[in-house]
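Participant: Here is what each chain is made of, one letter per residue.
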Amino acid sequence: MALLEVRDLQVRVEEREILHGLSLTVNKGEVHAIMGPNGSGKSTLSHVIAGKPGYEVTGGEILFKGEDLLEMSPDERAAKGVFLAFQYPVEIPGVATMTFLRTALNAQRKARGESEYSTPDFLKKVREVAASLNIPQEMLRRGVNVGFSGGEKKRNEVLQMALFEPSLCILDEMDSGLDIDALRIAADGVNALRSSERAMVVITHYQRLLNYIVPDFVHVMSKGRVVKSGGKELALELEESGYAQFEDQAA
Amino acid sequence: MNLALVKPTMNGTAGDVFVAARERLPGKGPVAELRQTAFDDFAQKGLPHRRVEEWKYTDLRVLLREIAPLAAAPDQAALDRARTTLASLDVIGAHRLVLVDGAFAPELSDTASEDGVTVQTLRAMLENADVAARADLLRTSAASDAMISLNAAMATDGVVIDVAENAAPGKPLHIVHVSTQSKTAAFTRSLATIANGARVTLIESFVAANGTAGYQAHDSMVLWAGDGADVQHIRLVEDAPDAANISTAVVALGERTQYRAFNLTSGGAVCRYQAFVRFGGQNAHADVNGVSLLNGRQHADNTLVLDHAVPHCTSNEVFRAVVDDSAHSVFQGRINVHPDAQKTDARMMTRALLLSDDAEADNKPELEIFADDVQCGHGATTGALDDSLLFYLRARGLPEKEAQALLIQAFVGEAMESIADEALRDVAIATAERWLAARG
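Residue numbers (the working numbering), protein chains in the order written: chain A, 43 to 293; chain B, 2 to 441.
It is worth saying that the hints were derived from the structure and are not from the lab. Predicted model only: the values in this text are computed from it and were never measured. Heads up, none of these hints are tricks.
Calculated lysine-lysine pairs in the PhoX-like style (CA-CA distance at most 20 Å, straight line):
| hint | chain 1 | residue 1 | chain 2 | residue 2 |
| --- | --- | --- | --- | --- |
| 1 | A | 122 | A | 70 |
| 2 | A | 70 | A | 107 |
| 3 | A | 94 | B | 402 |
| 4 | B | 402 | A | 152 |
| 5 | B | 402 | A | 122 |
| 6 | A | 70 | A | 274 |
| 7 | A | 152 | A | 122 |
| 8 | A | 107 | A | 122 |
| 9 | B | 46 | B | 57 |
In silico negatives: residues of chain A with every beta carbon more than 12 Å from chain B:
| hint | residue |
| --- | --- |
| 10 | 79 |
| 11 | 108 |
| 12 | 161 |
| 13 | 221 |
| 14 | 237 |
Beta carbons are placed, not taken as given, at the ideal position from N, Cα and C, and that holds for glycine.
My request is simple: use the sequences and hints to build the entire structure.
Facilitator: Following this line, the structure appears as structure tokens:
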């Protein structure tokens, strides 16, 4: 059974159809890259998988571990192992990062019928992961993402990914707004989480990110559909020729 | 008294309430005369309504309709019920001064003496003909207001606290108002005189014995803080869900006085807290903060008037309201900067969070500035929880109510942070947590 099975997905936002029958199969252990020009529906796909309100699914289905994902609330999806690393992580003043991490982790564990983490175990784990991502303790005492740089926000996303141990990670434009050094740190964090039990979907506009997070499969999206799939060499090909050739194919 | 003047506006009941109660109101001679004058003022004005500017959003003719009859002096059963209620208070370790149905209850109050603190009852002082200025106990410096006048006319008891110069009592002083009689009104008036250099925490709680319904608590607090005094003033309004609480604080500050007030309203159907704070000495500072947590059909009004009458004083107001269901929050904040009050720094920020389509918040900040070298600022916002923040939290596994609760706690947290006393801050936070838990 595939980890994630997207079948003929059709999605509307405010009466406008964004995805016109998109299909995608992701198995455990695989890293898929989804590339495409702006407006091709990449972020819409990630939002629909995570359960963001405001999207109307008019056709098709999404199965996660064989279950109907579209029937689940966003928090149920998270507890089942879906993790969306946001393109623009929000700032939440007044909610300390540590409080947020503990509340979220324990909410997920509770939903799965697992016992809550003990405080020493939790702190130990956070400290380890934070150190590996170059996140100072001081940042964890601040409000969630408050005053964080773009790179710090993305590292905070990776920190959560490491802490929550999801089985499916969707990285939405993780490279946007990052310089090369910040990108490398974040990508190293992601690579450390690659495992045979976990799959990743890396959404990006540019090939650059894929130098750091090397995918097993590359899909090209255009106008709400996957128009071409291939191996990692497809990304390099795109870098050479651009997206224009696919615009015609989709039409 | 001219009852004819009362009837058209008061449904005929207020005058009856006063006449019926008069024999039981402590104080003869000048005290009785002052009561009559105060009642005449009330009768002439009637219950405040929407055409009285200061009461525009809190029309007591609609919300309260009438003044309930004066509560009887508490009997043993009432005191026993009050005792049970006191056992469940969050604030512990304070020096308790308990008023049950508008009467001081020595058997429920702490009698051990606190360093530098003298406590008398208003009733005893009003009845003591040797106290030459006893009628002054019923006067305030605040502008004429119908409900202040009614309180002066009807006040049955209260505590009169004197804190000696440079005293620093080890425990907070905790005035607890307990209502045990349904459909009655209690009128209390307390005075706190904090001498120069004294340092004190004053807490006021409003609670009801289990099952007490439809009562009215009418209270006044007259607080005078001398030069260099440091006063923390916390109010916890946890009245029964269908009760009314109409309270006034008249606060006068001296030189270098630090006054930090926090008003937490979580109970009561109709609440009005009006605070008049006057700076009378230079280099003083006041924080007048508050949080209202409202649901059902609750109506809570916080009205502040700050008078910067002298130069070099600073004030800061941070107010937050969380309004659910069809509840209604009102915040009116007026800062008057008098002509001589140069170098005044006055800030006011009020924010309301609406959790339902039927929730309502009215924010009215007002600045009136007659000095030319001052810094004053105010801001007011009203809005719902941010959907993008909610989605972020839910995508991390928090169920909807938990995600909302976390954001609401953060919203009120900024105001609660200002409570310097850690134990009291925890009481406020616990109240918010209980309120959130009750949302389900």
